[in-house]
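*Asks:* One-letter residues, chain by chain:
2 protein chains.
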Amino acid sequence: MAMINENYIKLPGSYLFSEIAKRVDAYKAENPDAAIIKLGIGDVTRPLPPAVISSMHKAVDEMADEKTFRGYGPEQGYNFLIEKIIEFDYAPRGISLNIDEVFVSDGSKSDTANFQEIFGLENKIAVTDPVYPVYVDSNVMAGRSGSLGADGKWTDLTYMPCTAENAFIPQLPNEKVDLIYLCFPNNPTGTTISKTELKKWVDYAKDNKSIILYDAAYEAYIQEDDVPHSIYEIEGAKEVAVEFRSFSKNAGFTGTRCSYTVVPKEVLGYTASGEAIELNKLWNRRQTTKFNGVPYIIQKGAEAVYTLEGQQQIKSLVDYYMTNAKIIREGIQSTGIEVFGGVNAPYIWLKTPTGQDSWSFFDKLLHDVNIVGTPGAGFGPSGEGYFRLTAFASKKSTEEAIDRIKTRLKL
Amino acid sequence: MAMINENYIKLPGSYLFSEIAKRVDAYKAENPDAAIIKLGIGDVTRPLPPAVISSMHKAVDEMADEKTFRGYGPEQGYNFLIEKIIEFDYAPRGISLNIDEVFVSDGSKSDTANFQEIFGLENKIAVTDPVYPVYVDSNVMAGRSGSLGADGKWTDLTYMPCTAENAFIPQLPNEKVDLIYLCFPNNPTGTTISKTELKKWVDYAKDNKSIILYDAAYEAYIQEDDVPHSIYEIEGAKEVAVEFRSFSKNAGFTGTRCSYTVVPKEVLGYTASGEAIELNKLWNRRQTTKFNGVPYIIQKGAEAVYTLEGQQQIKSLVDYYMTNAKIIREGIQSTGIEVFGGVNAPYIWLKTPTGQDSWSFFDKLLHDVNIVGTPGAGFGPSGEGYFRLTAFASKKSTEEAIDRIKTRLKL
Numbered sequence: 001m002a003m004i005n006e007n008y009i010k011l012p013g014s015y016l017f018s019e020i021a022k023r024v025d026a027y028k029a030e031n032p033d034a035a036i037i038k039l040g041i042g043d044v045t046r047p048l049p050p051a052v053i054s055s056m057h058k059a060v061d062e063m064a065d066e067k068t069f070r071g072y073g074p075e076q077g078y079n080f081l082i083e084k085i086i087e088f089d090y091a092p093r094g095i096s097l098n099i100d101e102v103f104v105s106d107g108s109k110s111d112t113a114n115f116q117e118i119f120g121l122e123n124k125i126a127v128t129d130p131v132y133p134v135y136v137d138s139n140v141m142a143g144r145s146g147s148l149g150a151d152g153k154w155t156d157l158t159y160m161p162c163t164a165e166n167a168f169i170p171q172l173p174n175e176k177v178d179l180i181y182l183c184f185p186n187n188p189t190g191t192t193i194s195k196t197e198l199k200k201w202v203d204y205a206k207d208n209k210s211i212i213l214y215d216a217a218y219e220a221y222i223q224e225d226d227v228p229h230s231i232y233e234i235e236g237a238k239e240v241a242v243e244f245r246s247f248s249k250n251a252g253f254t255g256t257r258c259s260y261t262v263v264p265k266e267v268l269g270y271t272a273s274g275e276a277i278e279l280n281k282l283w284n285r286r287q288t289t290k291f292n293g294v295p296y297i298i299q300k301g302a303e304a305v306y307t308l309e310g311q312q313q314i315k316s317l318v319d320y321y322m323t324n325a326k327i328i329r330e331g332i333q334s335t336g337i338e339v340f341g342g343v344n345a346p347y348i349w350l351k352t353p354t355g356q357d358s359w360s361f362f363d364k365l366l367h368d369v370n371i372v373g374t375p376g377a378g379f380g381p382s383g384e385g386y387f388r389l390t391a392f393a394s395k396k397s398t399e400e401a402i403d404r405i406k407t408r409l410k411l
Numbered sequence: 001m002a003m004i005n006e007n008y009i010k011l012p013g014s015y016l017f018s019e020i021a022k023r024v025d026a027y028k029a030e031n032p033d034a035a036i037i038k039l040g041i042g043d044v045t046r047p048l049p050p051a052v053i054s055s056m057h058k059a060v061d062e063m064a065d066e067k068t069f070r071g072y073g074p075e076q077g078y079n080f081l082i083e084k085i086i087e088f089d090y091a092p093r094g095i096s097l098n099i100d101e102v103f104v105s106d107g108s109k110s111d112t113a114n115f116q117e118i119f120g121l122e123n124k125i126a127v128t129d130p131v132y133p134v135y136v137d138s139n140v141m142a143g144r145s146g147s148l149g150a151d152g153k154w155t156d157l158t159y160m161p162c163t164a165e166n167a168f169i170p171q172l173p174n175e176k177v178d179l180i181y182l183c184f185p186n187n188p189t190g191t192t193i194s195k196t197e198l199k200k201w202v203d204y205a206k207d208n209k210s211i212i213l214y215d216a217a218y219e220a221y222i223q224e225d226d227v228p229h230s231i232y233e234i235e236g237a238k239e240v241a242v243e244f245r246s247f248s249k250n251a252g253f254t255g256t257r258c259s260y261t262v263v264p265k266e267v268l269g270y271t272a273s274g275e276a277i278e279l280n281k282l283w284n285r286r287q288t289t290k291f292n293g294v295p296y297i298i299q300k301g302a303e304a305v306y307t308l309e310g311q312q313q314i315k316s317l318v319d320y321y322m323t324n325a326k327i328i329r330e331g332i333q334s335t336g337i338e339v340f341g342g343v344n345a346p347y348i349w350l351k352t353p354t355g356q357d358s359w360s361f362f363d364k365l366l367h368d369v370n371i372v373g374t375p376g377a378g379f380g381p382s383g384e385g386y387f388r389l390t391a392f393a394s395k396k397s398t399e400e401a402i403d404r405i406k407t408r409l410k411l
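Here the protein sequences line up with chains P and D, keeping their order.
Here UniProt numbering is used: the first residue of the first sequence is 1, the next is one more, and so on.
Here UniProt numbering is used: the first residue of the second sequence is 1, the next is one more, and so on.
Treat the hints with care, as some may be off.
Since the list gives no way to pick out one identical chain from another, each pair is judged satisfied if it fits inside one copy or across any two copies.
Unchecked claim - In silico PhoX-like cross-links for lysine-lysine, where the CA-CA straight-line distance does not exceed 20 Å:
1. Lys396 with Lys67
2. Lys351 with Lys206
3. Lys67 with Lys38
4. Lys58 with Lys84
5. Lys209 with Lys84
6. Lys67 with Lys395
7. Lys176 with Lys209
8. Lys10 with Lys281
9. Lys176 with Lys326
10. Lys176 with Lys265
11. Lys22 with Lys395
12. Lys364 with Lys28
13. Lys200 with Lys351
14. Lys326 with Lys67
15. Lys84 with Lys364
16. Lys200 with Lys396
17. Lys28 with Lys406
18. Lys351 with Lys209
If you're looking for bench data, these hints aren't it; they were derived computationally from the structure.
Chain P on its own, in the form it takes in the complex (with noise of 0.2 Å):
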């Protein structure tokens, strides 16, 4: 008899989104005229770089000739492609990488929610909360969480407020963790770790055999100096960390599916015997044998980003959301609401006015000024109180909904 994998039951439905979709659908019902503007999802709007167009264009010629055609390339990605994000994202902040160090993959979700794979199932994991859901799910369905609480928190998962007291900084935590997944600039909260708080980990890390599992999907949003791109920027980093880059938010690739992790050699897991093992071994082992390699049209659309032209491009787009970004945290900042993040993140954090809940926040947005946006409980019970906007619509509408909350939202 084929008995399932018990973990999966243990899962609640993915609430958040379908909540939300819900919620939209019947005040659409009921309102059928209303202009609504969703400012909810993480997902980009603006068409992919025109370097990228013309590499892609070139590339499906590639497969129309037998003289050019690829067939299976390697699971770990082409070299072309790995050479350029070690020399434009790495070598220039003086980190070095090798070439069988980084992994190119169809997207950080699938990396940051295979990657425990390679962990024994009696690791404790920490996260962050709120945090981003796939880091918990995955461990979920591997078996590691126990069970959920009814304060919405896994038994067996050490949990790191990150909330405006403690300036959306985790702290340490008092109980011994094994894997830490740490995701800056932050989703949902949009806040990013200096240096300082971040070497905190990274020495944490290395004094109790730990691993971080760092998601720096959004790094191409940092705007100020001291914010870390890469956890290796910190000393010691390369021993303890593995890093989740995407051109999903970067280059505008959430439907074309592109992202890397690096795993340097120097990072060890251990045996119950005590025997130290490279992760880079077991990470390419496990891409080896269940994965078969990001699309070679796709990934030499991910090499134009490194043209002059591309990083040109990508600049626009990450100004372009960036604009957007400002809009809203001014926007709502000069309504006396409270707002985090925007600032090195295309998300804005704000406090729910006058202590809604969030899902109350929710539906007033909604039903007031007609406007999405994602209640902070769907990311975690620290999320409560706090409410996600997105800088991802077009200009336009983003004003246009910054103008609603200003002049018709009643707080």
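Given the coordinates of chain P, work out where chain D should sit on it, guided by the hints.
*Replies:* Chain D alone, transformed into the frame defined by chain P:
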């Protein structure tokens, strides 16, 4: 302290293709002028069909325009592709499927490797021998294999030998098994299973509440009438079988990456307390949590396979390779070597002559006639004494290879 998944340590290195590469390189170093022909790897060589190329160019252009740009798509794939899959690949065979029973993904390798995640670790796994190594390795990584014996078999897996003695048809196992991996047309043997034989497996699965994981990646190569294209042609299979299909081998997508997996809602797994759970729901949860969909551009390319031109073009591709298969099969047969497969599959499985082991025959073929194939032992213990040749080279190379074997190979 971060503990690794020690199941990974059990895995031997990816010996097969690296050992082949090593021996070929060593030979080349000593014989730099040798014109080596590779009939070893299961990778296509013909360019993508013109209909696919044209559709991908259009899709790339859509991504360049904000009005037609696509961000995140459904993790399960776009309906435009799923509808065509059902209409062309299933409806004509009398198989009705719903949209949400088909999951588009980036490859049958990923899906056949990942699908075991939704099952408990206590399930007993059955594989044919020889076998596509991914089925075995993914279960080793998950912890279902036991240890690797000196006979090349994992202690906790059930092996079903497929050799000339049983006409390469796996026999129902004596012990009860829960998850059964079947691949027809088979890689590596190139042989098929009749509807009558496949019905025995469906009946076994129904009787034992087992699940059949049916890999039909080579379905397009079927030429004969009684060979099932889909396991759902067998009565009752929709209650017990999941089917994997790919665009890799019919449309040349090995480097373009698109496939799909069918999970009918009738297929059930069980909890320890005996509750029946739809695998469709579990797989949907797995894919929405750990995967983010296939690139829009690639799905548009796959959609074009289902146009009138696309269907003609993939038929030409298959015909091209099957002409090669015929050349190989008949050519090898004429030398007196016993040959299997190659009639409904791009793989030719031959019995190594004069009782040679499969690596000795590999060396002989490389040294005497400069042809690279794949030793059967690389696919499992029962592959010893066999050897795989593939039909994916150019017709010219294939003819030249067979001419060399006929005229210069000393048996």
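*Asks:* None of the hints should be skipped; say for each whether it holds.
*Replies:* Right, here's what the structure says about each hint:
| no. | hint | result |
| --- | --- | --- |
| 1 | Lys396 with Lys67 | between (47 Å within a copy, 15 Å between copies) |
| 2 | Lys351 with Lys206 | neither (35 Å within a copy, 55 Å between copies) |
| 3 | Lys67 with Lys38 | between (47 Å within a copy, 16 Å between copies) |
| 4 | Lys58 with Lys84 | within (18 Å within a copy, 27 Å between copies) |
| 5 | Lys209 with Lys84 | neither (31 Å within a copy, 51 Å between copies) |
| 6 | Lys67 with Lys395 | between (45 Å within a copy, 15 Å between copies) |
| 7 | Lys176 with Lys209 | within (10 Å within a copy, 43 Å between copies) |
| 8 | Lys10 with Lys281 | between (32 Å within a copy, 13 Å between copies) |
| 9 | Lys176 with Lys326 | neither (39 Å within a copy, 63 Å between copies) |
| 10 | Lys176 with Lys265 | neither (24 Å within a copy, 43 Å between copies) |
| 11 | Lys22 with Lys395 | neither (26 Å within a copy, 57 Å between copies) |
| 12 | Lys364 with Lys28 | within (14 Å within a copy, 73 Å between copies) |
| 13 | Lys200 with Lys351 | neither (28 Å within a copy, 63 Å between copies) |
| 14 | Lys326 with Lys67 | neither (49 Å within a copy, 24 Å between copies) |
| 15 | Lys84 with Lys364 | neither (47 Å within a copy, 42 Å between copies) |
| 16 | Lys200 with Lys396 | neither (42 Å within a copy, 63 Å between copies) |
| 17 | Lys28 with Lys406 | neither (23 Å within a copy, 74 Å between copies) |
| 18 | Lys351 with Lys209 | neither (36 Å within a copy, 52 Å between copies) |
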